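Trainee: Positions -27 to -1, 1 to 839 (mature numbering (1 follows the signal peptide of the UniProt record, and there is no 0)) are the ones given, in order, by the sequence shown.
These aren't lab readings, by the way, just hints derived from the structure by calculation.
This structure is a prediction, so every number in the text was calculated from the model and none was measured.
This list has only true hints and no planted wrong ones.
Here are the simulated DSS-like cross-link-like pairs (lysine-lysine), alpha carbons at most 25 Å apart as the crow flies:
| no. | residue 1 | residue 2 |
| --- | --- | --- |
| 1 | Lys543 | Lys359 |
| 2 | Lys543 | Lys427 |
| 3 | Lys359 | Lys828 |
| 4 | Lys498 | Lys579 |
| 5 | Lys339 | Lys359 |
Label-pair ranges, simulated between beta-carbon atoms:
| no. | residue 1 | residue 2 | range |
| --- | --- | --- | --- |
| 6 | Ser646 | Gly338 | 24 to 32 Å |
| 7 | Tyr802 | Lys828 | 25 to 33 Å |
| 8 | Thr648 | Gly552 | 42 to 50 Å |
| 9 | Ala350 | Thr648 | 29 to 37 Å |
| 10 | Lys828 | Gly338 | 27 to 35 Å |
| 11 | Gln424 | Arg200 | 21 to 29 Å |
| 12 | Ser547 | Gln349 | 40 to 48 Å |
| 13 | Asp195 | Val624 | 39 to 47 Å |
| 14 | Arg89 | Glu823 | 56 to 64 Å |
| 15 | Asn622 | Asp726 | 30 to 38 Å |
In this text, a Cβ means the ideal position worked out from N, Cα and C, and glycines have one as well.
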Amino acid sequence: MNEFRLDRRGARLLCAMGLAALLAACGAGKDASQNDSSARRSVLGGASSKAAGGAAVTLPLEVLGNGSPATPALAEARLGVDANQLGSVAQLWFQCHRCGFYSAPEFEATTAPPARIKASVRVLGGGSDDSTPWVDITDANVILADDERLHGGVNGGFYTTRITLPLDAATRARLVALPATNRIQFRFNGTDGESNGYRVLNLQLQDASALQVDSTTLQRFDPLSERDASAVTAADAAAGKALWYAHGTIAKSAIVTRTLQAACASCHADNGRDLQYFNYSNNAIVQRSRFHGLSETQGQQIVAFLRASLQHVPYVEKGRPWNPPYQPGPGLDCNSADCATRWAAGAGLEAVLATPADAVKALFGKPLDAPLALTQADVDRVMNPKATMNARETAIAMQFPDWNAWLPTIHPLDVWPTQADGSGFTNGIMHPTNGMQNPNGRYNDLIAWFQRNKNPNGNLADWSHLIPDLRVQINAMMGFTGWDAYTFLGGGRGNHIADKGIYGAQIGAAHLQSLASSATMAAGKAGAFTPNAFIERSVASMLHWNAVKQWELAQDYSLEGNQTWFIGDKDKTSGAWKGRGEAHGWPFNSVSLFYLAPHMVYQEDKNAAGQITREWYTAWEADNIVASYYRSNQWYQLQMTVNPGGQSNWVNYPMDWPYLTAFDEYIANKVGSDTPAAKALQDSHFVRLLQARIKSAQYVNNDIPLYDPNQPDLSANEGRYGRAQVAKHLTTTNFLDNANRDGVNPSKYRFLDDLQPGLYLKTVNGAIQQFNTLYTLQPLSAWRRCDPGNTTLNEPENVAGFRFCIDQARSPLGTYSDGTHFMVSNALYQTTTEQTEQYGIWKATQMGAEPARLKVWRDWADAAWQ
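Given the sequences, and given the hints that come with them, work out the whole structure.
Mentor: Below is the structure:
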């Protein structure tokens, strides 16, 4: 059951503040909010409460139902306006959680057409229902804040959006002054097959300058009021438990009545902890139960079971369905065992930064309410490879995915049902070449291990008692579990089609396709129902399940504390455990969160000539690529925040650094710089690119050798996984204007001077110091020298993307007619290391970089290529 929503009817455990015949609002937190009416003024924290006036609204409004288009769900708010302000009202502003549709479109036979537009709104003022038209919430009808508008709109990369509805003359004429109040109604038009509603987190009536003019008191619903389970009966809890774990009981949705194999517990944490932790209201659980074909009474019984059985789950103020898990921000780290599982709630939407200046301040540890005034020492301190940047507490200008985005929209049980021979998700399947793959079995093995090896002192958050052999064992088990899930699918990024035999992704896709309705597909989005699109659905199912199970294990067994307990190696000589990692972080050095990126889920399309015609985004995102790129970037950034890998091997798990930086650039380039708003967003993405460069430099400051001369196979050589392979990513030249035979491309970091004069050069100085620390202290004799004739890495070694060598000799830089220089590259614009470093030294000298740092860099290059 994926998107648990809210209803408010009836039971003793349901909140009782509804408007007659309308769904009212429950589920918001008590967290303070900010006036966020302007597009760039502040973060996604929402509107401020007014302390005066004759009207009060409890937020959020939850516009939730069972999903049937025949019975749209409504929610209403009443806003009061003083008579002297009535003539200035020009617009309605509101903040909406999931006002769009974001998932793969429905493909099965339906009892009603899937809704195309999710949400509608109308301002009745003092008018009647019958005479007031609805306005659909679409990109064409409303004005979105710049972040949301430029990242894909209502159905784009943001799950919580800030929306402005300009009011026409007819609407303004309906407005009334206090003591009367103005009725605002929101409607959920029906499901797309996956969603059953949305939430309005904040709302205001504003003047033409986006200043609030209503005098409404906004109240926040307190989730703690629903945690009291004293009134729960044993009979209700038992009935709810049976329903929660029942397979073959619930329907797919209100418009697809086929019975699912999955249970409620299948898509969520097994015990339902996520619903308690993120404070989904009773109402949400009841409504989602109804969406899946259960009755309201049955939904209430599930509520009873969850509330009674999850009393041990801590209340976390920021834990809300709309607050993105692990959203970075100050104050998330802790040192006591009782808060070891609180980090997952994140810092809230209000922690999402709004400007590149704020992003730079946060990156370099400066207060947001002070002018930007960084010194060289400030820059050097953060760009120090020997330091450890705390990405968990460094706020960024990116909204992470909400919890609903983690959950599988189709559970693996319904993609790979058990066959006559016993194969399927439950028991595993045979890979064409790798034998039996059983991620579900691996997951259950992990549960058994953690149960068996709890600390005898009773502190579930303390794993310091484990002996080295047990640490080695569980480290391997966690790695196998993630990789079993990926190997179960078969193939790799962009291609899950086997040359011989059939992969699991193909098996699952064929099963889903067998359920498809030609009528539903004909009426749906073009291109979203190809064989490759169904492969993408099956891949997403497994990888989302894997992510949820990792979150579940991390929470149930308090695995979000000291990473060094689980990540590391056993010393070959002493037998002691040598842990690696940070104060907080997931222990899963395996397939994990970034695999949820569309960039990892997609199945490439090819034409008849074998040329790739679609890659990096899923079939149903072809009409909104910027949103897809934003989502990919979100998952890569989230992975770095949750587990950057504990200075392990530079490979594609748990962190793929080159693709994090690539999508930092891709999304920045997609947004562009044509307008001031776009330029500000682009610059904010480049701040995250700077962060990724710094964090990755710290990641590779480890003991992996530059090259193992005893391993002739370059693909297996240790040097491929250490700092030697990363030199091309961390070269200072990446911070400079890039010059080749075609001309000069200005550095993407030059915008730093717009924020603080001279900051760009300070950052270049920091990059030189970073490179010097990582590379110039390593003996040159330890490097492998590139062999251009060696193509083991699928390219000439001296320009290969995975090279971990330096060139044998120096060659001259190219020279323009004006005497300035450029890097000489091959026909594919691939550049050798010696050209990159020579050019970097020349360019940094030209722009006035600090001489002492330059000398260290130059001396190293002169010694490397005499």
